Amino acid sequence: MAKLGIVDAAAYVPAMRLDRQAIFAANAWANPALKGLARGARSMCNWDEDSITMGVEAARRCLADRSREDARRLYFASTTPPFADRQCAAVIGEALNLSDNLAAVDLANSRNAGLQALCEALPGGSSALVVSADARLARPASVQELQYGHGAAAVLLGGQDAIAEVVAERRLSRDFVDQFRASGESFDYRWEERWIRDRGYRSILPPLVGGLLEQAGVAPRQLSRAVLPAAPPRMTAALAKGLGIAAGSVQDGRLGDVGDTGAPHPLLLTVDALAQAEPGELILVVGFAQGGIALLLKTTGKLPEWQRRNARRAALSPPRPESAYTKLLSFSGLLPMDFGMRAEADAKTQLSSFDRHRAELTGFAGGRCAACNTVQFPRARRCVNPDCNAEAQQDVVLLAEQPGEVSSFTQDWLAYTPHPPLQYGLAATAEGARALMEFTECPLRKMRVGLKLRFVFRIHAIDSRRGYRRYFWKGAPAPGEEKAS
Amino acid sequence: MTGICDKVAIVGMGCSRFGERWDCDAEDLMLEAFREASEDAGLGAGDLDAAWFGCYFDDASVGKSALPLANALRLKNIPVTRVENMCATGTEALRGAAYAVAAGACDIALALGVEKLKDTGYGGLPVGTPGTFTEQWRPNTSSPGSFAQLASAYRARHRVQEKDLKRAMAHVSWKSHQNGAINPKAHLRKAVDVDTIIGAPMVAEPLGLFDCCGVSDGAACAIVARPEIAREMGKTESVTVKALQLAVSNGSEAGHQGWNGSYIHCGRLAGQRALAEAGLRSAREDIDLIEVHDCFSITELVTMEDLGFAGEGQGWRAVLDGAFDRDGKTPCQIDGGLKCFGHPIGASGLRMAYEVYLQLLGRAGDRQLPSPELGLTHNLGGEPARCVVSVAVFGRAG
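Protein chains in written order, with our numbering: chain P, 1 to 485; chain V, 1001 to 1398.
None of these hints come from the bench; they were simulated from the model. Please read all numbers here as calculations on a predicted model, not as lab measurements. Just so it is clear, CB atoms sit at the ideal spot from N, CA and C, and this is done for glycine as well. Hints should not be assumed to be uniformly reliable.
Among chain P residues calculated to face chain V with C-beta under 10 Å, some are [stated by the list, open to error]:
| # | residue |
| --- | --- |
| 1 | S142 |
| 2 | T349 |
| 3 | P386 |
| 4 | F409 |
| 5 | Q423 |
| 6 | F439 |
Extracted from the complex, chain V is given alone in its bound form (with noise of 0.2 Å):
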């Protein structure tokens, strides 16, 4: 298996600005990231061969099809495929892009995420229709208390103190505040103290309020093209795709106790492919910046460690270290992350993808870090037990 390195040039990318949207809707925010990337890569809907379009909510947001897509930006009758995969949706529309462009299927394709959360009237996600075997014995979670039970398992695997593990987690929220502030895109703009974050309502124990990310209306794109298209283009820079790994779990971890619940299995793996599949080595040592999915504290914690930017049961003494604050050995969430960027379900893993992509290009303004040459992204869908991780790694062609 070669894999897709280097097969697929990013020629555009556009963002919509997160958060409480009240003035639009979803097809309102498909647009706005659309006309930035098309801006970006020159290119219009007349120019695209297909599209993948993700979108987790159908109910909630703008219904089922492919069609919402193809309706809002008026494409000219191409293929278009609609993808969900609970939380990691952006990422799995821009694999179905990308693998269609390295497979030569197509030249040129789209990749556009969205999500409209905030139309919903809650506080948080909404919640599903129970009613299949397994809702008739599951109990009825949240995702917080989903994502919570992590710190539990983690602290006992561990032996960390509960403070201790707590402050870790507030340091991570911290460090996406500082970052969100500066970001003009983001939902959330202003940084907290970490006392502040300590001291906030629980939400699910041990998350409390600000343990927790946004939950926000938005949209990302991409087009994607075969890298001679990038050159003929003029696009001599271009950023290229190195890797881009999915991996599903199988019950196993719900369902058998060689899982402990302090990490995410599917997490570890999607990362192991992910590095091979770009011929690196060593994520700590190769990846200048990583956009990860932390929807709640803990599961960024605990994925310093998946990924390999900490080791087993130090994730959350290289968190205070600063490790992953915009001046550590790897800038983590640097443009405010889910916790304060947002997160509109199926558009964060092209959100993550667009902010690596600015700062590969250089195009970040006052969040721009020094010359970075790879990034990577994590976006996971679902809760530790049972999850979609998807893993890519973003880079500059040759």
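Same shape as in the complex, but just chain P (with noise of 0.2 Å):
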């Protein structure tokens, strides 16, 4: 079997940064001293927006341009899974329209489930697609509010035009309860931070990563790169100086800008120190929770190319500042805000109809009549085209990628939605498939008929009477639309 590398790697964190001065002034009445953590932003899910939907727009960004066969296996790792039984791999896999015969795994229950993820899937020989995603809670006016942010990363490995080698990798298996959740719960329980930084990273660390580097035969000056678990930046300089690391070496941590995104964090700094190493760099990667995994990686000659598509990724989903604390509490679940009656409407899903629908609701899968081109959706057994109407096969044509318009719009506030007004309006794809489509990520003075739109995987609805939610692509702007006032 082939070695596998890294062929791909993409980070997607949402739109949506809370500003935090915004947590803290709400809650500066309850606890002042997070007046130390109130500095730049956090990310957070839009209300429509979960581990799976986060997950999917990763994974798509890594795998643009590639063949779908390039994953034959994906594995899907959260803290966070919308189902506890119902597999994300499988809802992530036909978002993705990836082959019926992928192999596909979840894993859960550690920050560290997306770096097992990875070294579960390097020694399977076929390609795989590792993706994980979180969007933690935290109750309101606690630590975790402010540190925390929702995010994903995906990774690639393939056999051939690695980006970069995976040089060795070590695991370490210790139950450190450093915070937990119990099953059922919503929030994560924390033990202090200073007992943490000593008996924890401190402790468990440095045994790791010098066994890895050893194992390597590489000393820690000779890293270029090294990603470190998620920790206020003197716990990590401090780290770093204790496992003989340069300071100057350490990626940073995306606290400011996105928090700490939990199981992807690790994969998600990956990225980042992808995108700014050259080639042959050695990098550390670092995760901690229950022990620890460490990664080695050496970039290779394939990493500029892969840069230039990597900073394109980038902007599909430019920061919007958001200032709206209560939006984080009310998408959160945490304050039950009165949306009307409207917002009382069952949201009861035909499980029958949808999977015989699985096609067009996951994989936006559209028809294109096979007597006169024309290209729509839903597929339907009769034609469209009031010049055709003809009842012939309709071969599958995916919409997902293709780019999208707004043909007509409304900023509607009296529908329910858990973030008003509902966009919605008609939207039509490249080849000429036209339906009405919520929109979403649109600034409300940005909407205008002709807006180009690209497509992306959400929530569509949850029924919280039965715990399920269902899923649908929208349109949201394409990038530069985003920029354009």
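These two chains come separately, so use the hints to put the complex back together.
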């Protein structure tokens, strides 16, 4: 079996960046000591995002322009899977239109799940997509509320054209309970930070990293970059010092503009490291939870080409400043806002109907009429073109990656949405499919007929009575449209 | 196809007072409308051969089936059919009764529509229960939001400035408030100035509060008969149905780019078919008054173009020029329309016919127009992208 390397990698951070000052201002009365953390912004999911949708977005960036056959195995790692019994990897695989023969695996229960998934996928032989996402909740006025962010990352492993090889890998398992979240609970419970620093990081990580470097025959000073566990900068600096790593080599933890994203965080920072690295560099990646995982990567000559692709991806969802703290609470289900009677409507999904239409709903598959070539959504027995209407074969046309455009729109303050107003209208795809669609991520003043769209996989409705949620695709402003005023 | 022109006479009509009828049940509204029609026709429940009953929100209003009408009027175990075709339900009830009479299946038939919306607890219309395939991908729309898209597409298609269209839409509502103020049965009986309309809170961009019609309780009905029976009853000047047409979307508007979203495809088709059935050449020249489905101001505005009362892209100018005001070329919504008379869904189509009927018989009181001979009603169910549209023409026999 050919040794697998990293052939692509991508991160996704939700556009909404909540100003930490807004969080602090609302909670200062309860805990003035939070002031020290009230700098910068943290990422937060829009109401229609969760670990699955973020995972899909990171994964499709990673797979852009590649054959769907390039991913034969899909690993999804999260401590916040939307379902306890419905495999997230299967949903993500269908949203990406990966093969039916996909080996889909979910990993959970650890902030190291993202790195674990990578380690599990490495020896498998066939190409594999490793996806990790987390949208951890935090108790209002807690330290975590300021420290956490939501995000996702994906890594594609393959046998050819790697941008980075995995030189060495080492794991250490220890039931060190720095923090935990019991099953069914919403929030994490954390022990004292100084104890975590002294008996956790400083005790567990040096032998782990030391062992890895020894195994690879590499001295700490040879490391160009080091991705270290998310921690306050002073702790990270102290850890680096203890490991013998130069302070300048430590990868920025993105705590200032994103926050600690949980399971995907080491992978998310790895994408950053790769984006800044030169070919031939050694990169250390360390994750910490119930022990630790350490990887040593070496970049290749293929890196610059990937860096150009990756730079374009970053423009897909530019950060959007947010100052309404109650959005975080409301979207997290922590603040039962009054959205009127329309919010009471039952969002029950007919699962048998969903199953018949999974390709359309999850994969955004349209049809092309064999008689007149009209591309349409949804696929229908009889063609929608009024000049055709033939009962002809309709071959599948995947619409998700086609550019779109707004044909008509409204901003509806009456219809229920957790993020009013509900924006929707007729949208057309490049190949001419047309459907009434919801729009998301579009500032109100930017919406217009003719706005260019990029389709994104999002939550369509949440059935809070049964704990189900259904997904579909929505139109979001295409790159460049967000900046236009 | 010869159609039903002059094959059906309306021998009696009735309409309840529309509005927030906290005082009564749907059954009371049905009786209120029927009592008037019964007195008008000189006929009782025992004279009816069959009935068609229109109601949209069966769950929120009266329940399923034809039973609510049969029970409310204590009909004599005659055949009763319940029909539902969204907001065009009232006209559908009339179509059922008219077709039965025209076919000779019965001599005298009743069409009655009712809706008791104000018991739902909602401002605006209540929401349905989603879950089927379509609901799994379509946005969770509201009625204002669905029609608001017309405005965005109309502006883009005809290069109309946002403020110009907003003012034209405001004029549509201003005119209906003027008319509704003098209609004793109307729900909203207060004149409102244009600046108030323009400055009202936004419901669904660009539709503000006053761009939306009232949500009301009410009932309306018609008793129809073969013209020779009408004559036997002594109704020599009776109103007849000149045309009664329906066009239904097949998904092409929503799913195919042939439709640009700035007009209502089925409205155009139903209008053309109705003119043909009535043997008319020009809506603008031949029709004296119109009652259209002004669920939202923009709907009425584009309907003026769809039915041929204004050129394509010229509707907003015609509205601002007063072409559809009480003293305009073609008075529209002389009774206040859905906007101010109100919109109890199942009753609305019959309420439109009721106003035309009164006007043709010279019985419209303070709002009577000088000697109208032909009136048109336009009743739209659904939303622009997928709708059912009825267009009817009423006149005199001969």
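Now for the hints, and whether the structure bears them out:
1. S142: 33 Å, violated
2. T349: 6 Å, holds
3. P386: 4 Å, holds
4. F409: 5 Å, holds
5. Q423: Because about 8 Å separates Q423/P from the closest Cβ in chain V, which is inside the 10 Å limit, the hint holds.
6. F439: Holds. Min distance 9 Å.
Hint check: a violation occurs at hint 1 only; the rest are consistent with the structure.
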